[in-house]
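Taking the hints into account, I'd like the entire structure generated from these sequences.
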Amino acid sequence: MTFMKIEEILRETENLDTALKGKDFLLTWEKTMAELKSVMNIALALKKMRDNNISPRVFDSGLAISVFRDNSTRTRFSFASAANLLGLAVQDLDEKKSQIAHGETVRETANMISFLSDFIGIRDDMFLGEGHKYMLEVGKALDDGYQNGVLPQRPGIINLQCDQDHPTQSMADLLHLKEYFGSLEALKGKKIVMSWAYSPSYGKPMSVPQGIIALMTRFGMNVHLAYPEGYELIPEIVDIARANAERSGGGFHISNSMEDALKDADIVYPKSWAPFSIMQQRTKLLKNGDTKGLDELEKVALANNAKFKNWEYNEEKMKITKKGNALYMHCLPADITGVSCKEGEVSKDVFEKFRIPTYSEAGYKPYVIAAMMFANKFENPAMVLSQLLKRNSPRIFR
Amino acid sequence: MTFMKIEEILRETENLDTALKGKDFLLTWEKTMAELKSVMNIALALKKMRDNNISPRVFDSGLAISVFRDNSTRTRFSFASAANLLGLAVQDLDEKKSQIAHGETVRETANMISFLSDFIGIRDDMFLGEGHKYMLEVGKALDDGYQNGVLPQRPGIINLQCDQDHPTQSMADLLHLKEYFGSLEALKGKKIVMSWAYSPSYGKPMSVPQGIIALMTRFGMNVHLAYPEGYELIPEIVDIARANAERSGGGFHISNSMEDALKDADIVYPKSWAPFSIMQQRTKLLKNGDTKGLDELEKVALANNAKFKNWEYNEEKMKITKKGNALYMHCLPADITGVSCKEGEVSKDVFEKFRIPTYSEAGYKPYVIAAMMFANKFENPAMVLSQLLKRNSPRIFR
Amino acid sequence: MTFMKIEEILRETENLDTALKGKDFLLTWEKTMAELKSVMNIALALKKMRDNNISPRVFDSGLAISVFRDNSTRTRFSFASAANLLGLAVQDLDEKKSQIAHGETVRETANMISFLSDFIGIRDDMFLGEGHKYMLEVGKALDDGYQNGVLPQRPGIINLQCDQDHPTQSMADLLHLKEYFGSLEALKGKKIVMSWAYSPSYGKPMSVPQGIIALMTRFGMNVHLAYPEGYELIPEIVDIARANAERSGGGFHISNSMEDALKDADIVYPKSWAPFSIMQQRTKLLKNGDTKGLDELEKVALANNAKFKNWEYNEEKMKITKKGNALYMHCLPADITGVSCKEGEVSKDVFEKFRIPTYSEAGYKPYVIAAMMFANKFENPAMVLSQLLKRNSPRIFR
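Protein chains in written order, with my numbering: chain A, 1 to 398; chain B, 1 to 398; chain C, 1 to 398.
These are computed hints drawn from the structure, not numbers from a lab.
Just so you know, these numbers come straight off a predicted model, no measurement behind them.
Hints are supplied without guarantee of correctness; some may be wrong.
Pulled from the structure, derived: some chain B residues nowhere near chain C, Cβ distances all over 10 Å [stated by the list, open to error]: (1) Met4; (2) Tyr134; (3) Gly139; (4) Gly220; (5) Asp295; (6) Glu298; (7) Glu315; (8) Ser360.
Once the Cα atoms are required to be at most 20 Å apart in a straight line, the calculated PhoX-like pairs of lysine-lysine come out as [as the list claims (entries may be wrong)]: (9) Lys353(A) <-> Lys140(B); (10) Lys309(B) <-> Lys204(B); (11) Lys5(A) <-> Lys390(A); (12) Lys5(C) <-> Lys178(C); (13) Lys323(B) <-> Lys353(B); (14) Lys140(C) <-> Lys353(B); (15) Lys322(B) <-> Lys353(B); (16) Lys263(A) <-> Lys322(A); (17) Lys353(C) <-> Lys140(A).
A virtual CB, placed ideally from N, CA and C, is assigned to each residue, including glycine.
As structure tokens, this is what we get:
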């Protein structure tokens, strides 16, 4: 029965025309619909296999390197779980230095750590205009090493969050929606509200909202982006979302009122982020090591945030949504009013109502990462998964 | 020959009526005699298998998470060795924050790290009334996640030391005694002295002496607890030891004189700990972040300790024991007079005489941890071990 | 075709009379020519196997411990890669304390971490007269534990850089030269210049130049050591190099002029190091925790270094070498003028010309480490590798 379900997924995947092999996974908008579907299907197949004690291990040895330029527990564990599931050992590259290393150092280090490595997962979301650039630079260095015979394989790069996109998050979110509503088809026309929400902290990256609007618009969803005036996202990515919606037959709308946006919403994703202009100033100050300037900016930003404490998602707001029961999403951890902070993104009761679904949402991330790795390594992932199903080697001895 | 020895252990284990599967291993006094014996037997079988290059690996992939809220080299390596032996990769959860995280954070984090994890090893011995409570809380969070379908498996928790018990230590100690004296039967009536000893530091956890008195009393041993007035342990656990002794036909005695206690002792375990009342005050001060109060408490406690420098285990004291040659035990590292400190728990010559046995004692710990993991995963561990013996897959290629 | 090439290497290796099993790899000058050749052949065979997706994994489980008393990215990754390739998990022993631990602590810790460990890789290059001594001490402690039945196996120690030698580096360098020039035979008579070069930092270890002059002289190379007056290496090791050259029919010369040394050089290795006398003073000051003295010494040393800024390897200097095109080597990272510093060891253009070869040079290190491990474990490594070739188990599923 499970075998049949997995085989069904694989049959569907086989027909998808993809070119993921040997490619980095940096931004969802660089990938075709077939490729995104393929990654989701592989993720689901891997999950179902593991849930049924069938090991999808394909590496006998090999390293998966993680580079975290920001603290992270969830993504670190997701990456470690994905690597381990496929048979790779995680090795952390500890970049304690706060300065942005570029040029020669990146080129050399990328090669030095990659002689026996299959993947490099990078989280670099602190500096606007830097994270994605850094990943491209690492990629170029690896190309150089591979083409010159230094590296026996070209390690694939997985974007674990950059200044532009957070593809492992948004893909896990999409997979959650697909499973929750039954199919990708069922998502068409569904109204999803990606809304700014108040948080007592400032400087949260924009990659989650950007990733959400750019991805969900491709699947015919009716995406509403809501934020207080001044909390704009990177304009180029907003343009991508708009164009996506046109192509997919979905919708894309921006509003400066949470309440307006929430009307008839099927899904809500209330989350804080720092505005584009603040991030620009912050990046400049960080680069110059201007701690005084940073302190002042923080004060200004927090004072500005404080004007929008009413941007909290709570019972009142929930009532506005479709049947008063829109699916609540969050990448976690959420700033929960009265729990993790005095006033936050979401009220305690609403969060508690959707706590378990947000956990399930997060649970897809390790499999999405594993799927990105899998698709990077095999020309025909569906066929390899089929062979693994046949191999039927248990994860836990039986 | 080895196979026969292992098969004998397994036959003995098969007949034990246990319910360890899916259960956390937090306190030895929550486990039945059959369960304790089973864990020891599994540990021994695993050790003998590995010593004979037979791999007991049962996981093809999976994570074992370690949470250390206190520094540790020995336990860290024991946990890593155990996980690795069974096929799991260790992933550290780095909890740098000194505050005691509870509530929502624990509930969420426990789930977020557990999607593909099989075990969580926790060391939390700094705060009286906290460590065990924390482990229960993590367990409840995992139950919640598992029951709600968030986690495909319920990771088992291994107590790597809490405020009450140190089961991986006391079980390794017991296994050491069993092997040293030949059998559990042979331990009946043996006099073991768990004695406080002087150390130039203060604030050492009480979990080792508590674990020892609560465990050894169950096996019919004649347990003597000795300490200077004021160095009491947690009363409830002393009561457990007393009740155990009554049930098992062993003995349990408290004395305020090391010399008195040592008379005719078969085994001595001299080790420093902080008194209950000091630990209570310390926990309060730590919670309030009262560094000044902590400094003052340290002064008071050290001054009090200094009154009992004669509580050193040395040649003089050893002469009092049975045939002047009681087996010396320690969880290591010991405070050795003239070696690791000016005046300490044990004299240099006595320690040196028993150095190798203390190393052997420690050597059981990785296998005890592995056995706890093993028993948590398999309904019938003896049968699975039998199958692994038959599989006869080498740890090192041959 | 690849199989034939590997089998050829193995046939050659089989005939080498070696006694590497169970021995630590600390200093190349303690090993016979047959042993050095064997390690290089094993390294090459492992590399070719992995490059052709044949897994040389020989451990089903086991730990490889790394002890880094100095920061390191490259060596850390090399060690991790080697361990992982053979099937071992890496466990770091974090020795944060700056003091030099000796005696009881070393003896005990070495045993406590080794119950299920197969290798300990140690980097300890900060203190003159300490690193090698420390490794010997760890080795003795392991012997003691093994002989007394505490350890089921005697973990092998791999020197990842000490105060005297850097064997994993020099062996990787030699393997690079062998592959570059076609054979060890081809290296005979080749002129290699190990030259001091200017760097804006001070206190770089002497183990690389010492390792190079002591190793290359054994293979009949014409080794020229060049440095400004006062930058002497450890005299005993210079004597070893001189004696090696005499035995091998190679040459060994010291000069105080980079230009003189470079004449007709086939290979150049320009690299900064701190002079012997400075290292002696530094070690003394470090031991005494004399930060003020260290600051003063740094000033003196840097001022002295600054007199020799013309010791930069650049186009001008390169012209002096054979056909103006000597092979440039470096252990990386190099201090590149105008790239990683204002004035450094090598000019930007010369480094760029040889950048890829220096990467390839570094790429041998993981395999040299794996070969040292391999030779430590198997009586007849060539035979085992032959069996692994026949096993033909893929590294990546196919």
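Quick rundown of the hints versus the structure:
Non-interface call for Met4(B) relative to chain C: holds, since the shortest CB-CB distance, roughly 19 Å, exceeds 10 Å. The non-interface label for Tyr134(B) is consistent with chain C: the shortest C-beta to C-beta separation is roughly 24 Å, beyond 10 Å. With 10 Å as the threshold on Cβ separation, the claim that Gly139(B) sits away from chain C holds: the shortest Cβ distance comes to roughly 27 Å. The claim that Gly220(B) lies off the interface holds: its Cβ sits roughly 28 Å from the closest Cβ of chain C, which is beyond the 10 Å cut-off.
The non-interface label for Asp295(B) is consistent with chain C: the shortest C-beta to C-beta separation is roughly 22 Å, beyond 10 Å. Remark: the non-interface label on Glu298(B) is consistent with the geometry, its nearest Cβ contact in chain C lying 21 Å away (cut-off 10 Å). The claim that Glu315(B) is not at the interface with chain C holds, since no C-beta of that chain comes within 10 Å of its own (minimum 19 Å). With a least beta-carbon separation of about 6 Å from chain C, Ser360(B) fails to lie farther than 10 Å from that chain, contradicting its non-interface assignment.
For a cut-off of 20 Å, the pair hint linking Lys353(A) to Lys140(B) stands: about 18 Å separates their Cα positions. Distance check on the hinted pair: Lys309(B) and Lys204(B) sit about 16 Å apart at the alpha-carbon level, within 20 Å; holds. Taking the CA atoms of Lys5(A) and Lys390(A), the gap is near 14 Å; set against the 20 Å cutoff, the hint holds. For the hint linking Lys5(C) to Lys178(C), the alpha-carbon distance of about 16 Å falls within 20 Å, and the restraint holds.
With a CA separation close to 15 Å, the supplied pair Lys323(B) and Lys353(B) stays within the 20 Å bound. Proposed proximity of Lys140(C) and Lys353(B) is supported: the alpha carbons are some 18 Å apart, at most 20 Å. Straight-line distance between C-alpha atoms of Lys322(B) and Lys353(B) comes to about 16 Å, which keeps the hinted pair within the 20 Å bound. With a C-alpha separation of about 7 Å, the suggested pair Lys263(A) and Lys322(A) falls inside the 20 Å cut-off, and the hint holds.
For the hint linking Lys353(C) to Lys140(A), the alpha-carbon distance of about 18 Å falls within 20 Å, and the restraint holds.
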